Each structure stands twice: as C-alpha cells, then as structure tokens.
Amino acid sequence: MEFVGKILFMAVMAIFVQNFVLMRFLGLCPYIGVSKKLDSAIGMGMAVIFVMTMASTFTWLIHTYLLVPLHIEFLQTIAFILTIASLVQLVEMVIQKTAPALYKSLGVFLPLITTNCAVLGVAILNIQSEYNFIFAILNGLFAGIGFTLVLILMAGIRERLERAELPVSMKGMPISMIVAGSMALAFLGFSGLKF
Amino acid sequence: MSILIYSVLTLGALGLIYGLGLAFASKKFHVEIDPKIESINEILPSANCGACGYPGCAAYAEAIVEKGAEINLCAPGGDEVIKHVAEIMGMEATTADRKVAIIHCQSGGKDNTNFKYNYQGIETCKAAILVSGGPNACNFGCVYQYDCVKACKFDALHIDDNGMIIVNNDNCTGCGACAIACPRDLIEMVSIKKRVHILCASHDKGAVSRKACGNNTACIACTLCVKKCPVDAITMDNNLAIIDYDKCIVCGMCADVCPTAAIFDPLKEVRAQKKAAAKADAIKKKLEEQKSEENKEES
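As given, the protein sequences belong to chains A and B, one line each in that order.
Reading the first sequence from the start, the letters are residues 1 to 195 in my numbering.
Reading the second sequence from the start, the letters are residues 1 to 299 in my numbering.
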C-alpha cells in the first residue's frame with residue numbers, strides 16, 4: 001500500500017506540482033513550437049513520453065552499472081546526451097516506418113527532442129533524487145505525461161485563439177507567450193498541495 | 001590514470017554500441033522513397049517561392065509524383081523545368097501558360113503625373129497613400145514609391161528615367177509578390193498571351209479621371225470598348241472598363257475605339273501592317289483576275 005501511495009505521490013508531483021514545462025521551465029521550445037495544432041501536439045507528447053521513459057531507463061542503468069562502478073560519474077552529462085540522441089534517432093526511424101503521417105506532422109521537432117532539456121533534465125533529476133530503478137522509470141513516464149498534458153492544453157487554447165478577434169499586434173506568438181505565462185501562474189496553485 | 005582509460009573506453013564503447021544499433025535499425029526500418037521525387041526536386045529551381053501552390057520545391061516534387069499534380073506549375077523554372085520533369089514522369093510536356101505582371105496605371109512617370117503635393121515622407125507606397133489620399137491628383141494611381149520594385153526578387157521590374165515602372169517580361173516569373181506589395185492593387189498577373197490591357201484603375205467619373213490623369217491614359221467610362229468588343233469580354237465596373245482575360249481574343253478592337261490612351265495594344269502597328277498588306281494583296285489579286293479575264297475575252 002505504501003508503494004502505491006508513493007507512486008501516486010510521485011505522479012502528482014511530476015505531473016502537476018513540479019511540472020517540467022510550467023514549474024521547472026524545461027522543454028519550452030516544443031511547448032511553443034508544436035502547440036499550434038492539437039494533432040501534432042498529441043503526437044509530440046506521445047513521442048516525448050516514450051523518449052523520456054526510455055531515457056530514464058537507460059540512463060539509470062548506465063549511471064548505476066557503468067559510471068558509478070568505474071568512478072567516472074563526471075561523464076554523466078555526455079553519456080546521457082549520447083544515449084538520448086541515439087534513442088531519439090531510433091524513435092524517429094520507427095515512427096517514419098510505422099506512421100509516416102505522424103512523422104510529417106512532427107517534422108523538425110522530433111530531432112529536436114534530442115536537444116530537449118526536459119529529457120536530459122529528467123535523466124539527471126532521477127540520479128540526483130537517488131530514485132531506484134522502478135521509480136526512475138516511473139518518474140520519466142510521469143514527467144512525460146505532465147509535459148504532454150501541458151502541451152495538449154496549450155494546443156487546445158491556441159486552436160481556439162486562432163479564431164478569436166485579436167489586435168494584429170497580439171496575434172500569433174505574443175498571445176501564446178501571455179497564455180503560457182497565465183498557465184504557469186495557474187500551475188503555481190498546485191504547489192500548495194499537501195499530503 | 002585508470003580513470004582516464006575508463007572514461008575513454010566507456011564513451012568509446014557506448015558510442016560504438018549506439019552506432020551499430022542505429023546502423024542496424026536504419027536497415028531494418030528503411031523507408032523506400034520514390035527516386036523520382038529526389039530527381040524532380042533537383043531539377044526544380046529551389047527558389048521555394050510557392051508560386052506552384054505548394055510549400056516549397058520539395059513539397060511540389062512530392063505532389064507531382066504521389067498526388068499527380070500538374071507538372072507545369074513551376075513559374076520560375078519555365079519551359080526548361082517542365083521539359084525535364086516531363087521526361088522523368090514519362091509525360092508529354094505541356095507548355096505553361098506563363099503569367100506576367102501588368103500594371104494597371106501608366107500615368108506617365110514623375111514628369112507627367114499630376115501631383116497634389118510633393119510627398120517627402122517615408123519611402124514606401126503604403127505610407128504615401130495615407131497622406132490625404134496620396135500625392136497624386138488621381139486617387140487610384142501609382143504613387144511612385146516603388147514597393148513593387150522592392151518586392152520583386154527576380155529583377156523583373158525596372159524604373160525608367162521618368163520614374164515609370166517597366167515590367168521585363170523575360171525576367172517576370174509571375175510569382176505575384178509585386179501584386180501583394182502594391183497597396184492600390186494596380187498590379188495583376190495576366191497570361192503572357194493576352195496582350196491588350198486597360199492601363200487605368202480609376203473608378204472616378206469620366207471627367208474627374210480625365211482631369212486627374214497626366215498621361216491621357218485614364219478610363220473615362222465612355223463604354224465604347226464595351227460596345228465594340230466582339231466577344232463581350234469588357235464590362236464596366238463602377239466607371240472603369242475591365243477586361244475579362246478568359247474571354248479576350250486579343251483582337252485589339254477596343255484599343256482602336258478608345259478615345260483616350262487607356263487601352264494598350266502593343267500589336268497595333270503589326271496589325272495595321274498586316275491589314276495594309278492584306279489590302280494590297282487583295283487589290284493585286286483583283287487586278288490579275290481582271291487581266292486574265294481580259295486575256296480570255298481577247299482569245
């Protein structure tokens with residue numbers, strides 16, 4: 001029971017309280033860039049969930065069984081980036097083969113997951129928080145879900161804003177920035193949650 | 001020392017494993033791309049101008065191969081590109097109906113145009129037309145700040161000594177950038193085969209536009225051309241004659257009857273020469289016939 005409670009606590013923490021985009025401000029590039037259409041936002045979200053979970057798994061394994069025994073933890077960043085980059089390449093190939101439409105709608109943003117700081121962030125946070133293997137994977141999964149949630153919310157808002165009557169100077173990017181700020185303020189409310 | 005060796009070995013091994021893994025994956029998940037798309041993409045001019053209606057040359061190449069898009073849509077490429085694309089697709093080359101820019105105002109450059117005041121503001125047409133309806137006496141004409149020339153990427157618009165804008169049909173790709181740049185909508189993309197144009201965009205009443213225009217090219221809404229046109233291609237729209245280029249047969253009859261110089265027909269002289277030649281031929285024939293008849297009668 002305690003285990004389930006811990007997982008739930010972690011889920012709420014990763015998705016709402018410590019949301020990667022709105023509270024930690026990681027992964028802002030796709031947050032603004034891929035949130036124009038709901039379809040591509042969902043696709044991007046799924047890709048990020050997948051990459052984050054896989055990255056958490058592999059980086060934890062590499063850190064625990066390779067870097068720590070050899071006492072070369074200082075190579076953490078470069079080893080993680082290497083792992084994540086290869087993973088993203090793999091995901092890109094698989095998506096191109098299995099879902100060409102999704103591949104097209106993601107466009108340049110799929111390779112950009114490589115340099116997405118949210119993915120590297122979750123890998124490093126897993127190590128810093130000294131999670132065990134299961135928790136590291138779950139943290140990656142929940143962080144990805146949190147990212148996707150925010151991305152989809154943003155895409156929904158922006159799709160409606162397309163049809164809204166706005167002053168010309170506010171159209172497009174400016175209003176998106178304001179919406180992003182408002183959402184971050186709203187998510188700040190979650191930090192009052194107590195268990 | 002051991003740390004150094006471990007670091008190098010670890011990263012080297014990681015890189016090697018990932019590289020091999022990716023190489024394997026790229027074989028396994030290889031996606032066949034139609035080689036036609038690539039070769040067409042190489043032929044297209046890579047201007048990414050969007051004149052074909054697709055977002056960039058690569059998208060157009062894909063559309064040709066996969067969706068069967070028309071092969072004659074590339075304006076900057078011209079006939080050369082169409083020929084090559086036709087070869088690749090195994091189709092017959094269809095010549096593009098090339099469009100070029102027509103400026104519907106020829107008020108005669110800075111010397112001839114009647115100005116209300118001397119505009120000395122920001123050098124853009126958009127700003128110039130805001131100051132009490134523009135510096136021209138005519139509220140519809142070109143204000144000579146050359147937004148269209150600045151917008152042209154293909155060096156097709158030139159300014160002559162008098163400040164008039166001259167379209168170089170050879171360079172014009174019909175991309176329409178100048179038409180978008182013109183705040184008075186004076187520029188239209190028209191098929192190069194249509195040679196007769198109305199060089200006025202004034203919706204003012206006849207007397208007003210005649211007075212305002214400095215070059216006698218104003219349409220004074222006399223409707224003579226509308227009545228003369230054999231195919232009913234000209235219609236009046238709020239005191240301005242407009243040619244429907246779909247119907248126009250380039251006969252030049254409207255230009256003949258126009259009391260001002262509003263209708264421009266570059267083929268006028270050619271037509272006159274042809275007409276004269278035809279007349280001379282007819283007379284010659286008649287004379288010869290008469291002669292032969294006389295000969296017959298004599299014999």
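No wet-lab data here; the hints were simulated from the structure.
Quick caveat, the model's predicted, so the values are computed rather than measured.
Even for Gly, the Cβ is constructed at its ideal location relative to N, Cα and C.
Treat the hints with care, since some could be wrong.
With a straight-line cut-off of 25 Å between C-alpha atoms, the simulated DSS-like cross-links for lysine-lysine are [unchecked claim]:
1. A:104 / B:296
2. B:194 / B:126
3. B:28 / A:104
4. A:171 / B:126
5. B:67 / A:37
6. B:296 / B:284
7. A:97 / B:247
8. A:104 / B:36
9. A:97 / B:67
10. B:28 / A:97
Partner residues are not named here, just some residues of chain B that face chain A (Cβ under 7 Å, in silico) [said to hold, decoys possible]:
11. 6
12. 14
13. 16
14. 18
15. 22
16. 29
17. 35
18. 292
These are the hints, each one checked on the structure:
1. A:104 / B:296: Measuring from Cα to Cα gives roughly 85 Å; hence the hint is violated.
2. B:194 / B:126: Between residue 194 (chain B) and residue 126 (chain B) the Cα gap is close to 29 Å, so the pair fails against 25 Å, i.e. violated.
3. B:28 / A:104: 20 Å, holds
4. A:171 / B:126: Holds. Residue 171 (chain A) to residue 126 (chain B) sits at ~21 Å (cutoff 25 Å).
5. B:67 / A:37: 24 Å, holds
6. B:296 / B:284: Distance ~18 Å between residue 296 (chain B) and residue 284 (chain B) Cα, so the pair holds.
7. A:97 / B:247: 50 Å, violated
8. A:104 / B:36: 19 Å, holds
9. A:97 / B:67: 20 Å, holds
10. B:28 / A:97: With Cα atoms ~9 Å apart, residue 28 (chain B) and residue 97 (chain A) stay inside 25 Å; holds.
11. 6: 4 Å, holds
12. 14: 6 Å, holds
13. 16: 11 Å, violated
14. 18: 4 Å, holds
15. 22: 5 Å, holds
16. 29: For residue 29 (chain B), the interface hint holds, since the closest Cβ of chain A sits about 4 Å away, which is under 7 Å.
17. 35: 17 Å, violated
18. 292: The hint is violated - residue 292 (chain B) has no Cβ within 7 Å of chain A, the shortest such distance being about 77 Å.
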